[in-house]
Amino acid sequence: MAYITKKKIAKSFHDVVLAKGFSRTSVTAIMDAAHFRRQTFYDYFQDKYELLTWFIDDTLAETVEHNLNYLPWPDIIKLVCYELDANRRFYAECINTQHEIDVTALVGHHLVVLLTELTQTNEPEMAALIWLLCLGIAQSLTHNIVANHPEDYEVLSQDAIAAIKMTLAILN
Numbered sequence: 001m002a003y004i005t006k007k008k009i010a011k012s013f014h015d016v017v018l019a020k021g022f023s024r025t026s027v028t029a030i031m032d033a034a035h036f037r038r039q040t041f042y043d044y045f046q047d048k049y050e051l052l053t054w055f056i057d058d059t060l061a062e063t064v065e066h067n068l069n070y071l072p073w074p075d076i077i078k079l080v081c082y083e084l085d086a087n088r089r090f091y092a093e094c095i096n097t098q099h100e101i102d103v104t105a106l107v108g109h110h111l112v113v114l115l116t117e118l119t120q121t122n123e124p125e126m127a128a129l130i131w132l133l134c135l136g137i138a139q140s141l142t143h144n145i146v147a148n149h150p151e152d153y154e155v156l157s158q159d160a161i162a163a164i165k166m167t168l169a170i171l172n
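Numbering (full-length UniProt numbering), first residue to last: 1 to 172.
Watch out, some of these pointers could steer you wrong.
[To be verified] Straight-line Cα separation of at most 25 angstroms, SDA-like style, residue types lysine to any residue; simulated pairs:
no.	residue 1	residue 2
1	K7	S23
2	K78	E65
3	K165	N148
4	K6	R24
If you are wondering where the hints come from, they were derived from the structure by calculation, not from laboratory data. None of the values given here were measured: they were computed from a predicted structure.
The task is simple: from the sequences and hints, build the whole structure.
Given below as structure tokens:
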């Protein structure tokens, strides 16, 4: 039940950010849109920044971690790119307006989970390489969100897949 409540709050947060902008989004506005009392928000989150982190982590966990055993890894990369592109206005608003939450690092973390699963290694040198590769891909994706002339997400996903394939070839 707690997860469903968090999802409803997160959905309302998403809608309010799109309607009012991140800086004008208040807990009261979120909870009015969710049709919950204000105190319910504080049962689950400290503030809208913690909610933003949870929203991104939950969305990307559904996209990456929940598909690890079901989809080939290139399809998961395509899904991540699609997710970010499909919600471009929301992510752009959050990236441009607030600086407390590092959206790039959150995206990178979920890509690390995917690549760590692919490489099946725990070596510190390998972990550093994977982190830097994933951070670079995440930066490319988040930069594209806020770019004046963004590239098609399919081009970005193909670039990310090519970079991962080259890295995997070097490692093997």
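Hints, verified against the model:
Taking the CA atoms of K7 and S23, the gap is near 21 angstroms; set against the 25 angstroms cutoff, the hint holds. The straight-line distance between the Cα atoms of K78 and E65 is roughly 14 angstroms, inside the 25 angstroms bound, and the hint therefore holds. Straight-line distance between C-alpha atoms of K165 and N148 comes to about 29 angstroms, which puts the hinted pair past the 25 angstroms bound. For a cut-off of 25 angstroms, the pair hint linking K6 to R24 stands: about 21 angstroms separates their Cα positions.
Checked against the numbered hints listed earlier, the structure breaks hint 3 alone; every other hint is satisfied.
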